[in-house]
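Engineer: Sequence:
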Amino acid sequence: SIPAAWFIGLITLVGGQLILDRLLGFGTELPVVIEFAGGLFFLILVLLGKAR
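Residues 157 to 208 in our numbering are what the sequence shown spells out, letter by letter.
Possibly wrong hints are sitting among the right ones.
[What the hints assert, rightly or not] Label-pair ranges, simulated between beta-carbon atoms:
(1) Gly183 <-> Gly205: 16 to 26 Å
(2) Ala160 <-> Leu204: 15 to 25 Å
(3) Gly171 <-> Glu191: 23 to 33 Å
(4) Glu191 <-> Phe163: 35 to 45 Å
(5) Trp162 <-> Gly205: 29 to 39 Å
(6) Leu169 <-> Phe198: 34 to 44 Å
(7) Leu166 <-> Gly205: 31 to 41 Å
(8) Ile175 <-> Phe197: 28 to 38 Å
(9) Arg178 <-> Gly205: 32 to 42 Å
(10) Leu204 <-> Pro159: 37 to 47 Å
In short, the hints are calculated from the structure, not lab data.
On a predicted model such as this, the values are computed, not experimentally measured, just so you know.
Note that beta-carbon positions come from the ideal geometry of N, C-alpha and C, so glycine has one too.
Using the sequences and the accompanying hints, generate a full structural model.
Structural biologist: Here it is, written out as structure tokens:
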């Protein structure tokens, strides 16, 4: 069900970008926010000793 996964990913990314731009008024791109959140989560895992 590759087309379904592709469609869900597309809707998620476009919807997230629209939420950032229109509702929250942020001027940044969605991938920047995703990378920041992922990096922060990784640092928390490393500091807590849960990452391998």
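Engineer: Report the numbers of all earlier hints that the structure fails to satisfy, in ascending order.
Structural biologist: As far as the earlier hints go, 1, 2, 3, 4, 6 and 8 are violated by this structure, in ascending order.
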